[in-house]
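Participant: Those protein sequence lines, which keep their order, are chains A and B. Just so it is clear: in the first sequence, position 418 is 418 by our numbering, and no numbers are missing. Add 1000 to the 1-based position in the second sequence for our numbering, that's all there is to it.
No wet-lab data here; the hints were simulated from the structure. Each hint should be verified, as a subset may be incorrect.
Unchecked claim - Heads up, simulated SDA-like pairs for lysine to any residue below, C-alpha to C-alpha not over 25 Å straight-line:
| no. | chain 1 | residue 1 | chain 2 | residue 2 |
| --- | --- | --- | --- | --- |
| 1 | A | 164 | A | 269 |
| 2 | A | 164 | B | 1227 |
| 3 | B | 1059 | A | 408 |
Unchecked claim - Here chain B is said to cover these stretches of chain A; the calculated rule only asks that three of the stretch's residues, wherever they fall, bring their Cβ under 8 Å from a Cβ of chain B:
| no. | region |
| --- | --- |
| 4 | 14-27 |
| 5 | 60-71 |
| 6 | 427-433 |
Stated by the list, open to error - Simulated DEER-style distance windows between Cβ atoms:
| no. | chain 1 | residue 1 | chain 2 | residue 2 | range |
| --- | --- | --- | --- | --- | --- |
| 7 | B | 1224 | A | 29 | 40 to 48 Å |
| 8 | B | 1105 | A | 171 | 53 to 61 Å |
| 9 | B | 1013 | A | 29 | 55 to 63 Å |
From the three backbone atoms N, C-alpha and C, an ideal C-beta is built for every residue, glycine too.
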Amino acid sequence: MVALVASAVALATQVQLRVEPKQLAQGQTGTAQVLVVTGRGSPRTNSSQPPTLPVGDGLQISYSGQAQRYHSVNGRVTLIHQFDYRIAALREGSWQLGPVELPLIDGSTVSADAVEIVVRPRPELGARQEVHVEAGFSEETAWEGQVVLYRYRFESTLPGASAKWRLPAFDGLRATQQGQPAQSAYVIDDPEGAIHIQEGVVPLIATGTGRRDQGVAIATVKTPMGRPDPFGFRRVRSEPWVTDPAVLTVEPLPPAPDGFSGLVGDFVLLSDVDRERAVVGQSITWTLRIRGDGSLEGFSLPPYETPMASVYENDAQVSARVESDAYAATATFRRVLVPTEEGELRPPPFELVTFSPTAGAYETHRVELPTITVEPGREGVGEVTSFSSGLPAPIVDPTELAPRPVVTSGMASIPPLDRFMPLFLGLVAAPGVGVIGVELLLGLLTLYRRRRSERVVQITPSERIRALPADPDERLAILDELLRAVQIPGPDPELDALLRRLQRVRFGAGEPDPGLEAAIIEVVRQRGVT
Amino acid sequence: MIGLWWAGLALGGVVSDGAAALEEGHLDEAIEIWSAARGGRLRASGIIEYNLGTAWYRKGDWPRAIAHLRAAARLRPRDGAIHHNLALARAELGAVPPPAALPAAWMAVLTPGELGVLGLLLTSLGSVVLVGGRLAGRGRAPGLGLLAVGLVVGGISSWGGAQLAWHPIGVIVDGEAILRDAASVNAGERLRLKPGTEVRIERSYGGFLLVIDGRDRRGWLTESAAAVAW
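Next up, chain B with everything else stripped away, as it sits in the complex (with noise of 0.2 Å):
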């Protein structure tokens, strides 16, 4: 099931229309191709997203850049060619605090959804074990194992696809944004953020975002201010 849910992702000709625009030389229809074919949260495409951020770094805006590579990143968190060029965008940026960290360690190297698949196929084998252990008259320790495992990884990348989902990467884009103490554009002002300054959102109210960066410090901006790394 879910391998026909993939196969019914696949991209066509989105990508290889647009880095034929890109070829030629039309940077900003290469931008509106792929920018067109992103999807939502669910049909977000690593590929689409690495190619807008690259895009975007040959346009010279450093902060849209890094959103979508760091949309790539937690992808394809393995794909050299992202993290390359998200250091060569963040290069760019003067000081801006550190970038907001990853929900867990274990993003940086596995996707929620390709734990949940690990978590999917143990569960199955796991299954499968014990069916056939109880019709050949088998021990049920093996298969008992693997369900738990299988059951334990795949709750692990729920939570971790929650967590992206509820609490996503922003950066900063056009220009400086006000961190104010409330939800308000009449709230105190705590810090000014730079472009291209990574946070992670906490939650949203009423056109607003509550935001925490590298630094650990917290505070409301306007939702236009910054892109979300989906």
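Excised from the complex, chain A in its bound form (with noise of 0.2 Å):
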């Protein structure tokens, strides 16, 4: 991205496609990035539709979105417009995406290669397992100074399952300064069920030679359990997995040759020379470009010198990442050439010394430079001829981004009040739940006492029975009641004839009647009040 930046402040608008990953399993899903670089004063397209994208037939495309933003290099802008696509794999096979072809509104065309994508069959989680978590270095046997990979996998078909990764310590082994450990999450579609995975990649410096074997990692698997509250929550079963201990041997360097660069990795290196004709005095751009799977940290290049020239380092630029298969770093260095006499330059070939692991020896990178035909420098006459009047104006660029300026007076922010809004609102809602709590307060009141009315209406004869006074009279009085109570409307001659006796123990003479309080008592138990 850097480099597609810088390009493209110094050059004209650049459209690339990018694809992560290039190789997928049949079902699983990626991502398509076409990214659309305007460096200053350069055309821009002519349309924010997204371009179309030409796909193969085991590839499905489907457009999801896009965004613009603004890089900055050595202090210039470019606007940086970002087109996003899903990609699903359908079938098997090697497949092409792209070319990308864009009109610019001046008329001209840019465009982008097309990307291979390769579909590979759908992976078998071993006997339909519902998890599945491995772990291991992309070799078994590495060289001192290699980088090497340390893949971790998980793999579920349980729904919304996930894994929180603690790794080893990685004794002897040392994490790259560039190129991040990279991380994905996809989901292949499977007719048993989703499968999901979650794999990352850190890249490791081998520093120590011997045995190099890691602990296991750990992967804290979450699994939702249970249909989800009323707020969205479901509750989550936490399990512990372990992988198998990584293996790794680091065999030492054979002694070094002279000149040995200290990079270990399989390495390219590209060279190219901006002219083969100049004056004496004026700069060659020698361009140095090395790619390579190993970690180019804290390179730099040889010295070089040549007859009838002066050789200068001018800058260099040192990236790398992670790919899906592969750590991949990129150095680019640019020495000037400054011709000192005329006649034919002929720079020595340039020689850098590496070690292959994949050889297991000192490998040297050698390339020619060309022939340079080197003229004497013209001498001017020394005078300036003006045409304008006075200075010109500066010329301002319209895509130069400025920062916005101070501000000079305002307010202060509101505070948070996270201490005392509990304070706060208790003050302000007081009013409000005093009078709920009122209401309440009465409600149940008035709850209370119709309970209350209600319970002394419903005192059955028979617990009146049981709580009669000792007093004769008050007794009496109550059996009353209770006769008249169980009373049957019509003719009831039974009851009539203890009502007379009731009546007459009571108001007239006042005689005794030894059995009349039992009989009134049997006669309302028998009557079914009770």
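Assemble the dimeric complex from its two separately framed chains, guided by the hints.
Facilitator: See below:
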């Protein structure tokens, strides 16, 4: 990206097609991005519509969105328009995505080459296990200084399951400074249920030699359980899963030859000189590009000298990234050759000694430089003629972005009230809560009174018989009342006789009637009012 | 009460003094004036943080600019100038992990303080409607609803404010920071964070901060390695 932006700053509008990952399993989805980088004063695209991406039969592509952002390199701002697509791998095979062709407002067209995507067969989840974890190094044997990849992978058929990894301490290995660990998560559609996959790659440099076996990696697998509550939250079961230990043996490098650069990896060296004719004193840019799967941290080019010219170091850019299957480092060095004499400048070949883990031996990369014809410099007359009446106005780039100015006055921001919020809320809610409280109390009181009155009314005759007072007059009054309560409509000779006996005792001569009380209680009970 | 408090925090001439120094080309003096005017978390000002962020940006210290502009964005989330300058400062960085996210999505639109004021207003209104309904013999449902919503909103704002106070954003400044396995200089090195990396601080212990970056990688770093975006 940086290289693309850097080149766009200096050159015209550029377009790039990026696919991640370039290897997909059948049913897996990936992403594709079309990046349109517009530099200073470059023509823009004439549409914000997503560009059409031709795609092979085994892939399905759908547009998912776009975004714009600005990027600054050495103070120059470029516009990056990003179009995102989703790719689904339908059939096994090798398929092409692209090329992309984009018309610009000046009528020209920019394009990006097609990208090949390999679709592998659908992976088998061992006996349809619900959870499977694995981790280990990309190779079991490495050389001292080599970049090895530690991969970890979690597969599950449980919907919503996820894993959080705790990796070993990597004794005898060191994290690369360039090329951050990569993580990805995706879902593979399967007739027996989708397979959720999370995987990561950690690039490490082997610093110690001998057996460098690493301990287990622990994946804490979280699985949602049950149905979501009213707020949408679900209970989560957390369960640790452990991988096998990772095996690695690091071999020491054999005795190094003279001029060994310290680079360990399989590298490619490219050279480019920007001109083959120059005049004395003119700068000739010589670009050296190194690409490979080894670390380029702290690397600088070996010294180089050539007769008839001075050599100056210009700038260097080193970058690295973890791609789906490999660690890829790139370095670009620029040197300037300044011829000091006229004639045929024949720079000697440039050599770089590296150690190749694949070959298990030191390799010497050699690039030839072209012969440069150097002509004598021309002397100027030393006169400057101006056709302007004054200094020209500074050129203003409309795409240049400047920071917004500072503010010269204003109020303080609303402070966070988190500490005092319960107090403030309590104060302002107090009247309303008071009203609610009072009404609740009143309601409870009314309910209590109603219940109590109902309870009084509903005292049964049996209860009243059990609670007969000791005073004879009061007892007779209550028995009179109970007797009348059980009286049935119409003629009731038995009850009428008892009433007459009762009234005789209560209001007549007051002679005692020993069996009366028992007879009344018997009648009341018989009539089932109890 | 809140209004009085707020009014008491008016920034007076501090902002204009710093702006005048900046106008005269005294960048360091402007930074000094605004830095001195920075209060604690409870007296933080989005304008001062924005001005400090912009001044550090002009000075070329992108990580410090980002730290102040993140603080400004937290206090004035709807201010386009802050997001503009923050984007410019981020664009100056190399490859750094994505910025640590806010604890809740609504904080990109509202501050906890603003939400708290809204909660207080709704709760007050609910109280007034309830008392009025009691006196006038009307129904209680509208007042009860307002009171309940106000209390919930106030509770959410209180939670949000506490989250920002307990887990603020930190920005790596002054060079690469080593992320370690434990809060000790002898602990194993997990990875290195580049200047400008925006992390969320989980907690602090013995001069170390437990942080989590935008890729959910967690580890301890020394307190001096990060500027906290209060």
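Participant: Next, verify each hint and record whether it holds.
Facilitator: Hint by hint, here is what the structure shows:
1. A:164 with A:269: 40 Å, violated
2. A:164 with B:1227: Since the Cα atoms of residue 164 of chain A and residue 1227 of chain B sit roughly 28 Å apart, the hinted pair is violated (cutoff 25 Å).
3. B:1059 with A:408: 19 Å, holds
4. 14-27: As far as the region 14-27 of chain A goes, the hint is violated, because 0 residues have Cβ atoms under 8 Å from chain B.
5. 60-71: Holds: 3 residues of the region 60-71 of chain A have a Cβ under 8 Å from chain B.
6. 427-433: Three-residue rule met by the region 427-433 of chain A, so holds; n is 6.
7. B:1224 with A:29: 40 to 48 Å: Check passed, 44 Å falls within 40 to 48 Å.
8. B:1105 with A:171: 53 to 61 Å: 41 Å, violated
9. B:1013 with A:29: 55 to 63 Å: 58 Å, holds
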